[in-house]
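Chemist: Chains as they are written, first to last, in my numbering: chain B, 1 to 769; chain A, 1 to 130.
Note that these hints are calculated values from the structure, not bench results. Values in this document were obtained by computation on a predicted structure and should not be read as measured data. Glycine included, C-beta positions come from ideal geometry on N, C-alpha and C. There could be a bad hint or two in this list.
[Claimed, not checked] Partial chain B-side listing against chain A, Cβ under 10 Å, derived:
{"id": "1", "residue": "L242"}
{"id": "2", "residue": "R411"}
{"id": "3", "residue": "A420"}
[To be verified] If you only want the chain A side, here are some residues facing chain B, beta carbon under 7 Å, derived:
{"id": "4", "residue": "I15"}
{"id": "5", "residue": "R16"}
{"id": "6", "residue": "I18"}
{"id": "7", "residue": "E24"}
{"id": "8", "residue": "L25"}
{"id": "9", "residue": "D29"}
{"id": "10", "residue": "M56"}
{"id": "11", "residue": "L60"}
{"id": "12", "residue": "A85"}
{"id": "13", "residue": "K86"}
{"id": "14", "residue": "D109"}
{"id": "15", "residue": "P110"}
{"id": "16", "residue": "P114"}
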Amino acid sequence: MKGMRGLPLRQKVTVVVMLTCASALVIACGAFVAYDYWSLRGMAVQDLDTLAAVLASESAASIVFQDVDMAREILSGVRARPSITAAAVYTTDGRLFARYGVAPVPAALRPRSNGAEVRGGGIEAFRTIVFRGTPTGTLYLLSDLRSFDRSMRLQFATVCSILAATLLLALLLTSRLQRLVTRPLVRLAATARRVSRERDYSVRVRCEALPEHDEIGAVVQAFNGMLEQIEHRDEALRAHQLDLERQVLHRTAELRGAKDAAVRAAEGLARLSLHNQTILDAAGEGIFGLDPAGDVTFINPSGARMLGYAVADLTGCNLHARIHAGATPQVSVAGCAICGAAATPSVRSGRGTLIRGGDGQEIPVEYVSTTTFDPGGRPAGVVVTFRDVTERLAIERMKDEFVSTVSHELRTPLTSIRGALGLLNAGLLDLKSPRGQRMLEIAVANTDRLGRLINEILDLEKMASGKVELNRRETDAAALLRNAAESMQPMAERAGVALEVTAGAAELLVDPDRVLQMLLNLISNAIKFSEAGTTVRLCGAVEEGRYVMTVRDQGRGVPEEKLESIFDRFKQVDASDSRDKGGTGLGLAICRSIAAAHGGRIWAERADPAGMLFTFAMPLPGRAPAEEIAARLQAGERIDVLIVEDDADLAGVLVAELEEIGIRTVHAPTGAAALSILAASVPSLIVLDLVLPDLDGFAIVEWVRANVAGWQIPLLVYSAREITSAEQTRLTLGPTQFITKSRIGLHEFEERVIGLLPGARRPEVAGAA
Amino acid sequence: MQPKRVLIIDDEEDIREIAMMSFELVNWDVLSAATGRAGVTVAAATPVDVILLDVMMPELDGPGTVALLNADERTRSIPVIFLTAKVQGSDRRRYQELGVQGLIAKPFDPVMLPFRVVEILRGTTVEPPF
């Protein structure tokens with residue numbers, strides 16, 4: 001039975017049916033055969049018994065007559081019955097009387113009752129021979145079971161044949177009929193397998209003509225119903241899943257969006273924070289925060305530097321105490337206009353002085369102090385922005401002084417005119433009298449002087465603000481010098497001074513009127529300060545690619561320390577002296593402006609052995625510097641320029657312009673970038689913006705001086721403001737020029753850059769443009 | 001107090017000349033000097049009743065000259081009036097602190113100059129002395 005369990009249903013049904021059939025048939029046939037066996041054997045015994053009775057009756061006479069032959073004769077009658085193997089007749093005393101057959105018979109026979117029975121392999125029959133009522137002997141028959149066995153064998157064979165045929169038929173029928181049962185089940189199973197394998201719930205078990213009341217039909221229908229339900233559920237589930245997936249996708253997208261937004265926000269915040277930090281770091285103004293105790297919460301680098309500290313020095317320290325150290329009277333934090341928090345939101349601003357760390361110097365500042373409040377509305381301290389106004393105050397002072405000087409210079413001749421005319425007008429003086437005439441002379445001379453002064457002031461102002469357009473023309477230098485000398489000849493003659501001209505020929509590209517104005521100014525100065533009988537020498541010559549004009553006198557000269565300041569406005573060595581000679585104090589300032597406008601330079605030296613030597617050197621016209629550079633680049637020379645500029649637009653223009661003529665450029669938008677570039681290689685030229693977001697120009701120049709072996713690099717420094725001469729000294733590397741952004745056009749800016757390149761023919765330009 | 005003698009210190013020759021003439025016309029004695037230092041020397045040598053002193057002069061300016069005058073026993077008590085084109089408020093205060101008597105602005109009316117000087121010295125000036 002166990003082996004059957006693994007069989008397919010069809011075989012199982014077949015086996016079951018066949019077993020059932022076989023067992024039924026075997027039992028039936030067995031019963032039939034058993035019945036036959038017993039009945040046949042009974043019949044055989046009965047038959048033998050009957051035969052024995054017949055023979056006994058026939059043989060009674062032979063025994064009575066002791067006729068053995070007759071007895072034998074009678075016994076041989078059993079020949080017809082081949083199954084009888086022996087027959088014998090015994091006397092009453094048990095002695096064998098006669099016998100027949102081949103099989104042995106008992107030698108003697110005990111008296112026995114009549115009857116036949118199966119004994120050993122055969123049937124024995126005994127019959128008492130009775131003669132006229134008197135027993136005379138016994139008949140013995142022995143039959144073998146040969147025929148019985150034969151008929152039994154035949155019967156068995158028949159039964160077996162019938163059995164086999166029946167079973168074969170049953171098998172045929174079963175194999176046909178089992179389909180009725182198994183086919184739906186097999187289909188069901190196949191479908192179930194397919195469903196479970198393929199998860200295809202849309203399949204159905206086909207069950208044509210399966211009545212509903214059939215259990216299998218019911219199962220199949222229930223299964224189909226179940227499948228349908230599962231399919232529905234599955235579809236619902238799939239729909240739900242799809243929906244879920246959509247939702248998940250949607251949510252994911254939303255989340256991603258939210259995350260992106262958050263990331264963007266964080267980046268924005270970081271950028272803003274960096275931006276704020278950059279602003280703080282880059283701000284030219286000092287910015288610091290204090291808590292109500294006056295302790296620093298933050299301070300920017302500018303602020304720390306202005307106060308004479310590093311940012312690290314000040315972190316957490318009491319800044320109020322430091323910046324007001326030694327102030328009298330001592331002011332508490334709360335009472336301090338700068339450091340004290342106000343009770344209500346307010347912004348205080350004003351001017352004050354702070355003590356700088358290190359040297360303890362007082363620095364004048366302008367400040368804005370804003371009280372900050374914590375969320376609870378309590379004052380949390382102050383944020384102070386301040387600006388060191390030392391320079392501005394100095395500039396204001398200079399401006400005031402200048403205005404004051406100009407007004408004084410203008411009022412002086414006006415005073416004389418007003419006085420002279422006042423006296424004449426009052427009728428106190430007769431016009432014709434010498435005194436009256438003298439007053440008129442004074443009025444006229446001072447009117448001229450006033451006019452000259454006004455012209456020169458205006459002239460100078462125009463020059464300084466770059467409003468003067470040079471009307472450059474090709475000009476013969478020698479002719480220009482001779483022209484100047486001729487113009488001054490009368491004045492020289494009046495002063496008894498000789499005027500000599502040595503003029504080297506050259507073609508200049510200048511505004512001849514302006515150069516002449518300069519020369520006349522220099523010559524008239526020279527004559528004014530010359531003693532009679534001395535000589536003023538005027539020379540012009542080409543030197544090192546420049547045309548150099550000199551005016552030399554033999555006067556008393558100017559002290560060494562004033563050689564530079566005489567070019568400042570109203571800075572005559574001895575005003576009374578010059579005014580005696582009709583000077584305005586602006587001539588040399590104008591000369592310097594004219595020289596600068598021509599890309600040249602003018603300076604004064606003490607002449608040997610005595611007197612003054614004024615030199616004006618200016619570039620000779622030639623190929624434009626840019627063309628020259630281009631030619632050098634063509635020749636294979638490598639020129640690279642480092643542009644340190646945080647303004648991307650300006651840097652972009654410069655880079656484009658320089659790259660166009662083949663100059664390699666490297667742009668550093670920050671001081672740090674500049675330092676790393678400079679650490680790697682030394683450029684041919686540095687263009688340096690003074691104010692950068694991180695480091696300033698001073699720091700970069702100092703760094704280059706300290707860290708770059710060949711630090712004498714040509715340098716162009718520019719800034720939005722004027723650079724003082726002290727600052728210029730600190731900012732110089734190799735050949736260095738300083739320019740003020742607002743004073744100079746982009747084109748000139750580029751010309752300066754090109755002009756500064758190593759080996760370029762450089763115009764000698766002094767100071768700021 | 002009727003001044004008898006006035007000293008004019010100014011580096012501008014024309015102005016000296018005009019100022020001198022305006023005092024001469026009212027018969028005052030007038031002395032002049034082209035520099036502060038020369039003026040102090042004159043004042044120390046010759047008694048003067050009032051000094052008209054230019055403020056903006058090369059080398060030694062008005063305040064410097066006042067300091068020199070104050071340093072000398074002989075000139076310390078002489079009243080000084082500034083004659084100047086620098087007459088802005090801040091300048092006026094500075095001059096007052098120097099202890100000078102008053103201030104006459106350039107350009108001045110030469111006809112009225114002696115009268116302004118007298119007014120300032122008497123303290124009866126209709127204009128404030130500064």
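Chemist: Each of the hints needs a verdict: does it hold here or not?
Modeler: Verification of the supplied hints:
| no. | hint | in the structure |
| --- | --- | --- |
| 1 | L242 | 89 Å, violated |
| 2 | R411 | 4 Å, holds |
| 3 | A420 | 6 Å, holds |
| 4 | I15 | 6 Å, holds |
| 5 | R16 | 10 Å, violated |
| 6 | I18 | 3 Å, holds |
| 7 | E24 | 9 Å, violated |
| 8 | L25 | 5 Å, holds |
| 9 | D29 | 17 Å, violated |
| 10 | M56 | 5 Å, holds |
| 11 | L60 | 11 Å, violated |
| 12 | A85 | 4 Å, holds |
| 13 | K86 | 6 Å, holds |
| 14 | D109 | 5 Å, holds |
| 15 | P110 | 4 Å, holds |
| 16 | P114 | 12 Å, violated |
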